[in-house]
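Trainee: These protein sequences, in sequence, are chains R and P. Quick note on our numbering: the first sequence kicks off at 772 and runs consecutively. Quick note on our numbering: the second sequence kicks off at 772 and runs consecutively.
Simulated from the structure, these hints should not be mistaken for lab results. Possibly wrong hints are sitting among the right ones.
Here are the computed lysine-lysine pairs in the DSS-like style, where the Cα-Cα straight-line distance is at most 27 Å [stated by the list, open to error]:
no.	chain 1	residue 1	chain 2	residue 2
1	R	Lys1236	P	Lys1313
2	R	Lys1313	P	Lys1313
3	P	Lys798	P	Lys942
4	P	Lys942	R	Lys861
5	P	Lys798	R	Lys1313
6	R	Lys792	P	Lys1313
There are 2 protein chains.
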Amino acid sequence: MKISIAQLNYHIGNFEGNTAKMIDAIKLAKEQGSDIVCFSELATCGYPPRDFLEFDDFIHLSDECIQQLCAYANGIAIVVGAPSHNLDPKGKNLFNSVYFLADNKIQFVQHKTLLPTYDVFDEYRYFEPAKEWNVVEFQGKKIALTVCEDIWDVGTDDPLYTIIPLDEMQKHNPDFIINVSASPFNFEHAHARIHTVRANVARYQIPMFYVNHCGAQTELIFDGGSIVMSGKGTLVDELPYFEECIRHYELTDVVNATVNSEQPKNKMTLIHDAIVMGLKDYFRKLGFNKAILGLSGGIDSAVTAVLAARALGPENVRVILMPSQFSTGHSVDDALGLVNKLGIAHDIIPIKDMYDAFMEKLSPIFGDLPFNVTEENIQARVRGILNMAISNKFGHILLNTTNKSEMAVGYGTLYGDLCGGLSVIGDVYKTEVYELARYINKDEEIIPLNSIVKPPSAELRPNQKDSDSLPDYDTLDPILYQYVEKRQGPQDIIDMGYDPALVKRILRLVNINEFKRYQTAPVLRISTKAFGMGRRMPIVGKYLS
Amino acid sequence: MKISIAQLNYHIGNFEGNTAKMIDAIKLAKEQGSDIVCFSELATCGYPPRDFLEFDDFIHLSDECIQQLCAYANGIAIVVGAPSHNLDPKGKNLFNSVYFLADNKIQFVQHKTLLPTYDVFDEYRYFEPAKEWNVVEFQGKKIALTVCEDIWDVGTDDPLYTIIPLDEMQKHNPDFIINVSASPFNFEHAHARIHTVRANVARYQIPMFYVNHCGAQTELIFDGGSIVMSGKGTLVDELPYFEECIRHYELTDVVNATVNSEQPKNKMTLIHDAIVMGLKDYFRKLGFNKAILGLSGGIDSAVTAVLAARALGPENVRVILMPSQFSTGHSVDDALGLVNKLGIAHDIIPIKDMYDAFMEKLSPIFGDLPFNVTEENIQARVRGILNMAISNKFGHILLNTTNKSEMAVGYGTLYGDLCGGLSVIGDVYKTEVYELARYINKDEEIIPLNSIVKPPSAELRPNQKDSDSLPDYDTLDPILYQYVEKRQGPQDIIDMGYDPALVKRILRLVNINEFKRYQTAPVLRISTKAFGMGRRMPIVGKYLS
Chain R
772 MKISIAQLNY HIGNFEGNTA KMIDAIKLAK EQGSDIVCFS ELATCGYPPR
822 DFLEFDDFIH LSDECIQQLC AYANGIAIVV GAPSHNLDPK GKNLFNSVYF
872 LADNKIQFVQ HKTLLPTYDV FDEYRYFEPA KEWNVVEFQG KKIALTVCED
922 IWDVGTDDPL YTIIPLDEMQ KHNPDFIINV SASPFNFEHA HARIHTVRAN
972 VARYQIPMFY VNHCGAQTEL IFDGGSIVMS GKGTLVDELP YFEECIRHYE
1022 LTDVVNATVN SEQPKNKMTL IHDAIVMGLK DYFRKLGFNK AILGLSGGID
1072 SAVTAVLAAR ALGPENVRVI LMPSQFSTGH SVDDALGLVN KLGIAHDIIP
1122 IKDMYDAFME KLSPIFGDLP FNVTEENIQA RVRGILNMAI SNKFGHILLN
1172 TTNKSEMAVG YGTLYGDLCG GLSVIGDVYK TEVYELARYI NKDEEIIPLN
1222 SIVKPPSAEL RPNQKDSDSL PDYDTLDPIL YQYVEKRQGP QDIIDMGYDP
1272 ALVKRILRLV NINEFKRYQT APVLRISTKA FGMGRRMPIV GKYLS
Chain P
772 MKISIAQLNY HIGNFEGNTA KMIDAIKLAK EQGSDIVCFS ELATCGYPPR
822 DFLEFDDFIH LSDECIQQLC AYANGIAIVV GAPSHNLDPK GKNLFNSVYF
872 LADNKIQFVQ HKTLLPTYDV FDEYRYFEPA KEWNVVEFQG KKIALTVCED
922 IWDVGTDDPL YTIIPLDEMQ KHNPDFIINV SASPFNFEHA HARIHTVRAN
972 VARYQIPMFY VNHCGAQTEL IFDGGSIVMS GKGTLVDELP YFEECIRHYE
1022 LTDVVNATVN SEQPKNKMTL IHDAIVMGLK DYFRKLGFNK AILGLSGGID
1072 SAVTAVLAAR ALGPENVRVI LMPSQFSTGH SVDDALGLVN KLGIAHDIIP
1122 IKDMYDAFME KLSPIFGDLP FNVTEENIQA RVRGILNMAI SNKFGHILLN
1172 TTNKSEMAVG YGTLYGDLCG GLSVIGDVYK TEVYELARYI NKDEEIIPLN
1222 SIVKPPSAEL RPNQKDSDSL PDYDTLDPIL YQYVEKRQGP QDIIDMGYDP
1272 ALVKRILRLV NINEFKRYQT APVLRISTKA FGMGRRMPIV GKYLS
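Using the sequences and the hints, build the whole thing.
Mentor: Set out below in structure tokens:
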């Protein structure tokens, strides 16, 4: 028996495109003599479809897609994820299902049991969990079909669910497992995925074919890295990361495999490649191709510009240099150094005249009140208007260049430097931005060294440094990591050896700035806990604030 | 037996404040000779605590609050909602529970069974559902304790769950039901609530004491309106809407009651009072008291200004009039008319100089390209900067004045008129804004009549009218309502008799403007489907776009 894994890049709601893509893969698998071709979770409609699932019309389009695929299910079986209807009047109206199509019709449907409803996941919002478990028989083999999370409660010390669906299917003695997934990337996820697949094959002693989605959908990046593992735990194959790929496997080869074939996994390579794919798909799937951003001479906008140039091509990236009276001379020099290195378009627009025009109108109202964050914000917002104006006139998407450390403590101006349609490095801590810059420069100096080594500054008042109002990022970032990613409370973090007053000050800053993050662009997610849909905090609250 | 209902306004994470408030109510109930005093769902920590529930520290503070309440549980029993710990290693770590405290200790805990995970609710994200159901015995009576949603699958044609917890409790023959709720307002909800309570007492033939939360938490407004109903369906009492209230009931009086006592429910009164409470609590709970907004002379900002003045007092509201070269003379006159009527502070800042300063810098880049939405956006964004600058300097919160129709179709400028910390009327369709204006003017002309009767215009180009680019609001709003609230697809709406091309154009506008709503302030929710946390749509999608 020959099994094909099609690791494809779907587009939410693009039924026509997704169906055509799957039909091409089916044809290819047929040419290779495959008996089964496997697509990923909710492949018909793309993942995550979110509240589109509440529209009957949307589900109907997915049903039609399944019917179209049935027409190609001759001489080959098709395994594909799609929503299905719950005919019981009780419970939610839909299941998240995996279909088995053969002989031009739907032969079997298994529903997903474990519905992730944490972090970025909302599946219980839409789906009823499975209450029956079976296997499908095909060409003398029994196949256990599972959907993504169904395999993830094995191999963990803290099970999130009370049932393990494969334990139920195991009663029917399956020969192998297929798992159709849409499992979003974080830079620690690839290891976790291999661990989980291995824990399952160790438990059931049968091979698993794990098919992941590959492509970005707004903030979520699906990295591919599909897995074929023997019943003895041999990693027979690990498909590429961040690219579409179709591969074919003889089942007997998989059963007997003894050689592990694992992709290298370097944290900065993964983050870099993930963000490039995230940018590429955000633009392509929205029908845009040109990006604009403000280039300050600092490291955040420099890294963002490089990633944009790699994702979209340097000819599609335009940067605006907007020096103020507080900008240092080297800022423009550093920015121009990068412009020349990348070969991207640029404009220089000093902001003083516009800033002065605002201050002239506001000074009768402000009276003798001293210069403070208000005037800093006006500068940042003048830049925001300029970026948006050029973006509006020429059809660019403005990229937000804020890093995760700033996002966390609110060190940024709403409607100013927080403008932008997509936050490129908003899930990358400042210390990791430095690592990423060094990774980009590993073979040659692309980002001017001065942008990397100079002390970070917003340059919104004379001689300003980030360290005037924030601790060093080497201190700040680990505290933020414990609070944001690890859900540690103040005392837990203090017990790790951090200064109590500092910990309380930082956690308070995170919490009182929730209102800013609420209005910030979607953030490309590269960690286990990004700001945005996966972190839901009250704005009006009094906890640690 | 005497039972007290304490309908109180909690504050998320303010354990100290919430506990003190409950202790005051317990003392009052004791003075009245009550045997039981009832508080609402998650009263210790406030509702919805969202991801704060993932912090052990946060749960620990709630546990401490329960211990403090136990100290007062002598001579009276206390019924209170709070999270509790799931000691089984399997499943989620928490339950959403109702505690029964008596004789200074926890006598009984019943967990919530039905965990709403739709619209604004995310409860399965945090909680494990109950799998055991019991009643508590107290002073010879058996009491069925339920939490909010537990009673909501009765009396519906489309049950969302597969179990009805009160059916299980009924096996123990309870004498009455207590339901602790945190059920957010929408202008149709009060009727639904009475219907649901009545369906439950009809099914079990015993009285119900339904205790709701009263107060706003960011976008969610909890309206109170707690209910006491006899086993025969008599509405013995309905507590006030939008205010805290503690009342006491003799159980025998409730059992024997024959007179219905129902609050009047007028749609515009409810919306008006809900928004006023939403504003009041947003400011008070964040520690602010002053609001600022841009006053254009149009109806949206006029209605917003009136609501703000009523919530915060006219002395705490400041408006900025920012005419452009495209503003008509009557705009400033209409705005000043309202300023004088309300007695609020105002400034007039013509925006031309700042607009010109931008255009001077941008014209070399824009070249001969014609005036378009770019220049309109610059005007709106100059106003955004001015509003934010004064807000930053003097410590106001800027109010967003966008209505739901504009929000839906993207008729607004991101970082311009979409600025603001809170969207006051973002869940009110334009046709409803007119109704609200007439309601405000019912006794005297507060909003200048001209603001109500003139054709709506953004005044961003000469002689501009909303109707240049949008259908009349009388046509637009019903289409939006069907798509947004009713989840109807394009064909369903066309089948209602609307023009197919118009329906497709409107639905496309809604979908392609998701990116704007993503970055807009939280919206005070007054309908069954508001933009924000209760409506989760992909930005990158190709459905109807």
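Trainee: Now, for every hint given, state plainly whether the structure supports it.
Mentor: A quick look at each hint next to the structure:
1. Distance hint between R/Lys1236 and P/Lys1313 is unfulfilled; the C-alpha atoms sit about 44 Å from each other, more than 27 Å.
2. Note on R/Lys1313 and P/Lys1313: the hinted pairing is violated, with a Cα-Cα distance of about 40 Å set against a maximum of 27 Å.
3. Simply put, P/Lys798 and P/Lys942 have alpha-carbon atoms about 34 Å apart, too far for the 27 Å limit, and the pair is violated.
4. Restraint check for P/Lys942 and R/Lys861: the C-alpha separation of about 22 Å stays at or below 27 Å, so the hint holds.
5. For the proposed pair P/Lys798 and R/Lys1313, the alpha carbon gap of about 25 Å is at most 27 Å, so the pair holds.
6. Straight-line distance between C-alpha atoms of R/Lys792 and P/Lys1313 comes to about 15 Å, which keeps the hinted pair within the 27 Å bound.
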